[in-house]
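Trainee: Single-letter residue listing:
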Amino acid sequence: MVDVPYDRIADVPPAEVPEVELYHPKSWWTQYVFSQDAKVIAIQYSLTATAIGLVALVLSWLMRLQLGFPGTFSFIDANQYLQFITMHGMIMVIYLLTALFLGGFGNYLIPLMVGARDMVFPYVNMLSYWVYLLAVLVLASTFFVPGGPTGAGWTLYPPQAILSGTPGQDWGIILMLTSLILFIIGFTMGGLNYVVTVLQARTRGMTLMRMPLTVWGIFTATVMALLAFPALFVASVMMLFDRLLGTSFFMPALVEMGQQLKYGGGSPILFQHLFWFFGHPEVYIVALPAFGIVSDLISTHARKNIFGYRMMVWAIVAIGALSFIVWAHHMYVSGMHPTFGFFFATTTLIIAIPTAIKVYNWVLTLWRGDIHLTVPMLFALGFIITFVNGGLTGLFLGNVVVDVPLSDTMFVVAHFHMVMGVAPIMVVLGAIYHWYPKVTGRMMDDWMGKFHFWVTFLGAYLIFFPMHYLGLQGVPRRYHDLGEATFITPSVHALNAFITVVALIVGFAQMVFLFNLVWSYFKGRPSGGNPWRATTLEWQTPETPPGHGNWGKELPVVYRWAYDYSVPGAKEDFIPQNQPPATRAVQGAAT
Amino acid sequence: MSAIILFMAVIAVIIGWWLSQQRLTAKPWLEEGSIDHFPGTGAMTLPAAKIGLGVFLAVASSLFALFMSAYSMRMNMVDWRALPVPGLLWFNTGVLVVSSVALQWAYVAAHRNNMDGVIVGLCAGGASAVTFLVGQLLAWQQLRAAGYFIASNPANSFFYMITAAHGLHLMGGLVALGRTTAKVWRGAEMPQVRLSVELCTIYWHFLLLVWLVLLGLLTGWTDDFVDICRRLLS
Chain A
1 MVDVPYDRIA
11 DVPPAEVPEV
21 ELYHPKSWWT
31 QYVFSQDAKV
41 IAIQYSLTAT
51 AIGLVALVLS
61 WLMRLQLGFP
71 GTFSFIDANQ
81 YLQFITMHGM
91 IMVIYLLTAL
101 FLGGFGNYLI
111 PLMVGARDMV
121 FPYVNMLSYW
131 VYLLAVLVLA
141 STFFVPGGPT
151 GAGWTLYPPQ
161 AILSGTPGQD
171 WGIILMLTSL
181 ILFIIGFTMG
191 GLNYVVTVLQ
201 ARTRGMTLMR
211 MPLTVWGIFT
221 ATVMALLAFP
231 ALFVASVMML
241 FDRLLGTSFF
251 MPALVEMGQQ
261 LKYGGGSPIL
271 FQHLFWFFGH
281 PEVYIVALPA
291 FGIVSDLIST
301 HARKNIFGYR
311 MMVWAIVAIG
321 ALSFIVWAHH
331 MYVSGMHPTF
341 GFFFATTTLI
351 IAIPTAIKVY
361 NWVLTLWRGD
371 IHLTVPMLFA
381 LGFIITFVNG
391 GLTGLFLGNV
401 VVDVPLSDTM
411 FVVAHFHMVM
421 GVAPIMVVLG
431 AIYHWYPKVT
441 GRMMDDWMGK
451 FHFWVTFLGA
461 YLIFFPMHYL
471 GLQGVPRRYH
481 DLGEATFITP
491 SVHALNAFIT
501 VVALIVGFAQ
511 MVFLFNLVWS
521 YFKGRPSGGN
531 PWRATTLEWQ
541 TPETPPGHGN
551 WGKELPVVYR
561 WAYDYSVPGA
571 KEDFIPQNQP
581 PATRAVQGAA
591 T
Chain B
1 MSAIILFMAV
11 IAVIIGWWLS
21 QQRLTAKPWL
31 EEGSIDHFPG
41 TGAMTLPAAK
51 IGLGVFLAVA
61 SSLFALFMSA
71 YSMRMNMVDW
81 RALPVPGLLW
91 FNTGVLVVSS
101 VALQWAYVAA
111 HRNNMDGVIV
121 GLCAGGASAV
131 TFLVGQLLAW
141 QQLRAAGYFI
151 ASNPANSFFY
161 MITAAHGLHL
171 MGGLVALGRT
181 TAKVWRGAEM
191 PQVRLSVELC
201 TIYWHFLLLV
211 WLVLLGLLTG
221 WTDDFVDICR
231 RLLS
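In order, the protein sequence lines correspond to chains A and B. Numbered according to my numbering, the first sequence spans residues 1 to 591. Numbered according to my numbering, the second sequence spans residues 1 to 234.
Rather than coming from a laboratory, the hints here were simulated on the basis of the structure. A quick note: this is a predicted structure, and the numbers were derived from the prediction, not measured. There's no promise every hint is true.
[What the hints assert, rightly or not] Here are some, though not all, of the chain B residues that point toward chain A, as calculated from beta-carbon distances under 10 Å:
{"no.": "1", "residue": "LEU6"}
{"no.": "2", "residue": "TRP17"}
{"no.": "3", "residue": "PRO47"}
{"no.": "4", "residue": "PHE56"}
{"no.": "5", "residue": "ALA70"}
{"no.": "6", "residue": "ARG112"}
{"no.": "7", "residue": "ALA188"}
[As the list claims (entries may be wrong)] Each computed DSS-like pair below joins lysine-lysine, with the alpha-carbon atoms no more than 27 Å apart:
{"no.": "8", "chain 1": "A", "residue 1": "LYS450", "chain 2": "A", "residue 2": "LYS553"}
{"no.": "9", "chain 1": "A", "residue 1": "LYS26", "chain 2": "B", "residue 2": "LYS183"}
{"no.": "10", "chain 1": "A", "residue 1": "LYS571", "chain 2": "B", "residue 2": "LYS27"}
Every residue, glycine too, gets a C-beta built ideally from N, C-alpha and C.
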């Protein structure tokens, strides 16, 4: 084993960095509150999303208390139950997961990972957060208005969403739609930043095929979100018109309490098309960043290059494209031409191919890797298992004939919670444990982290596995009280009580996590700049946490892909992306 | 949903074409070192604002394509009664064309370093855009006076909603145009102005194109075209 010169021509002089017009904060307010620094905005997004997410967590407890012990809690009536499920779903899907993955991780990681100083439009980026905060406040205000929040279900199907039988018909639905419109405006501002930063602000040497998969995932998801959210926008505007101005876009002729309403001729199915044209890509808007992040976690903590990087990139792009032509599989029971049902079932099942490629590649990355069972790795492993489980039930539901009897049962609830609830949250948690040292300069406590993982992981299975069984029994979703029916066996009640107890425990375990976040910020072990010995650029910043402008005088230059782990002959088991290929030991060169 | 599907197909072609230039078949694990011998794979060299506008136009097109999809689905219901198109719309269309031409004038002047031409173009473009908006409001007035209220028929609802969406986009454009004009007013140098003028011009042409498509839809001109397409497909 000897040192040999290696590819000298590859040495590139540092990129000439033009004088970047970075905004420099002048006061405490512009540094920490009205900040234009993507890292501060990321933290603002994350804290706001977590805060509203906690509200949604409490709502899920209240629902579970009612389902597990019906009749015991007199303060939860049928209307409130419907309001709880609506707000829980909407908050978790849009205001927590979408905001956290794109606004939180996107803002923090994109500029650092592609070697940029900041987002390309910092002012617009700041506005994006404040509009998002406004959307969250408008949403939260519905708890305090007369009639309370809307109880229309997170899908807000008309006509019931705006009829008087549905709770929150006065203010709840109006504010919900307003909040969604605001969210979409705010997201579009942020999304433009994420996309253009990846397109235009990558540092020298950072080709698309050298980008970490995290950036690929967030980038593709943002492109999808920019194209899909307008559908929700259009649907929300049209429903607001129906509710406030009396138009009949979605509202058919109706008789309510013996009175003919002013509506007539509208099409509820039209709303469903618009909603799911957004709604299905939304699943992947949440899943693709998770796919990307988990690839990086697995590669780093198994000290092995990602298996099939090209396939991983192609699969992300393919999933992004396919997810736009499957939306009607949410509408099998709304009635459709059998040819359409066949078409949408086929496209739905085809998505399993790129998804399966990703799962295989994760497993093959682990295969014979030097697996470190750190907390981020545990969550990454938890994600793979959970995603496979949730994905398999997706194959059931993608088929029209299987979906029709299972539709609107607890089976569907179990499916989507596994695949787009628990699985992405596993990645969010793993990613927080992974990048927390970069954000704060301190490690999170390991013992509390492992406790948090095991309770969350095992608890999630104890909650959602039995729900599949409940669904197969025919237990409907969105029911406040199951009442007396022959198919509701005693085991259903026993399981419901059991699920409730576990849900309470898992919820409390999240408090340990929050405590860990705060405690480690003050008392955590100092982490140094690159505690996981990772290759990607964000770990190579001159300061930790990275300073304003991210890099010192010169931007980093990228010489290699993001996954040079355990390279044979290299001195260390990782080679950072910005390390030039000057000399390196080549095994067997002497012979 | 055919309008939005068609639009998505166009977007997919554009993205696919761009990706095909990016060496997605590269084997990055073998390519250590500089990549300077693969030109075109680095970051885009266009100004960020221009790319940003391009992405925004895609988002806005998606929005209008969805309005059109909703329109074409809803118009097949039995209660649809097409509303008479006010003659004023033709005048408004002419004014919007003038606005676009004026900005094109400003754009050409900016490239010839003719600051006076830029000022004339920007002011004429802004004034005619405001005239267009006032004209649209008058058209609403006329319809209301003739008894075509927003809730009386879905055709009316769509007319008001879609023209409002287009008008709001134009108002957003006027903010950008105002900032550009203010920049010129303060005596900014030509290189600083040129990009702003170009972006405003692109956006104006885009809004003119969207308006022409919407006008075709609202006046029913495109119905025959859609019919022909449908026959070709079936």
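Trainee: The structure should be examined with respect to each hint, and the outcome stated for every one.
Mentor: Here's how the hints hold up against the structure:
| no. | hint | in the structure |
| --- | --- | --- |
| 1 | LEU6 | 12 Å, violated |
| 2 | TRP17 | 13 Å, violated |
| 3 | PRO47 | 8 Å, holds |
| 4 | PHE56 | 6 Å, holds |
| 5 | ALA70 | 6 Å, holds |
| 6 | ARG112 | 27 Å, violated |
| 7 | ALA188 | 15 Å, violated |
| 8 | A:LYS450 to A:LYS553 | 39 Å, violated |
| 9 | A:LYS26 to B:LYS183 | 24 Å, holds |
| 10 | A:LYS571 to B:LYS27 | 23 Å, holds |
The structure fails to meet hints 1, 2, 6, 7, 8 from the earlier list, while all remaining hints are met.
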